[in-house]
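Peer 1: Protein chains in written order, with the working numbering: chain A, 1 to 111; chain B, 1001 to 1154.
Keep in mind the hints are simulated off the structure, nothing from the lab.
No experiment lies behind these values; they were computed from the predicted model shown.
Hints should not be assumed to be uniformly reliable.
[What the hints assert, rightly or not] Taking lysine to aspartate or glutamate pairs in the EDC-like style, the calculated list, with each CA pair at most 20 Å apart, reads:
hint : chain 1 : residue 1 : chain 2 : residue 2
1    : B       : Lys1078   : A       : Glu36
2    : B       : Lys1147   : A       : Glu26
3    : B       : Lys1147   : A       : Glu36
4    : B       : Lys1147   : A       : Glu83
5    : B       : Lys1078   : A       : Glu26
6    : A       : Lys80     : B       : Glu1024
7    : B       : Lys1084   : A       : Glu88
8    : B       : Lys1021   : A       : Glu88
9    : A       : Lys46     : A       : Glu88
10   : B       : Lys1012   : A       : Glu26
11   : B       : Lys1012   : A       : Asp7
12   : B       : Lys1021   : A       : Asp41
13   : B       : Lys1021   : A       : Glu53
14   : B       : Lys1078   : A       : Glu87
15   : A       : Lys61     : A       : Asp35
16   : A       : Lys49     : A       : Glu88
17   : B       : Lys1078   : A       : Asp7
18   : B       : Lys1078   : A       : Glu88
19   : B       : Lys1012   : A       : Glu88
For reference, the chains in residue letters:
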Amino acid sequence: MSHFHFDTVIHAPNRLQICALLAPLETAEFQVLRDELRVSDSVLSKHIKQLEEAGYLKLRKYKANGRQRTWAYLTSKGRKAFEAHVEELRRLVSIADGMQNNSSIRKQSTI
Amino acid sequence: MSNDLRVNVSLKAQDALDSIKDMESAVLRRAIQPWWYGLAIALPAGVLTTLAGMEISRLYMAPVFLLMLITVVFYTRKAGVLAKPSPSRRVLIIVLITMISVLVPLILLVQELKETYGLIAPLSLGLTVFIIALIAFIFERRALLSKINTENII
């Protein structure tokens, strides 16, 4: 199986940032994600729902002091997809870096 | 794909990678526990071991255990994040099982030694557990700090 995979579900900026926030964590609270992304509750909910539908993210809800608190975490499928997507991004960057090096070598050789 | 398009795609990919790094750093800053958290975990762990070595009733151990549990739950809720431990979950489970299987015979040994050496034996074991727990906390904290390349977060 390839380690590079461009994932269209993950690549949308907000969803990419949600995955980036959750990747180094076991779990994070909804409010933390909202504050870090600087988006509204509804926007965050929409993106979380799309990640949930793809099976990349799960929510845990419970009540504390009469308030509903929601915690999100990446599933193992989500983690794998995110890692593969990051690898693909790195590969794209390295291809362009290689091209720039080649063109600078060609320029030097013509001089 | 033309060269210009390739460079454009690469720039966008680099932007995405930069934004991933920013998000990871931001959330790891939240996940770093303060120094008192390490003490709040290590101290009760040491006290619990000492009490077990002294063969003191579990009734007295329960509040210490509860205090430790409340600290963890309270802090995690307040921070809103729970960091992944540096070693993998599997390694962590193996370490925990090994520690328990070493600690239980040691506590039994200390209970026997208490008759000869008095309180020094359980206190020494408690102190050892306290130091080990504190060192583990410091290593974990340093691992998180090195991930975000900053030493100034307290």
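Peer 1: What are the numbers of the hints that this structure violates, sorted from low to high?
Peer 2: 7, 9, 10, 12, 13, 14, 16, 17, 18
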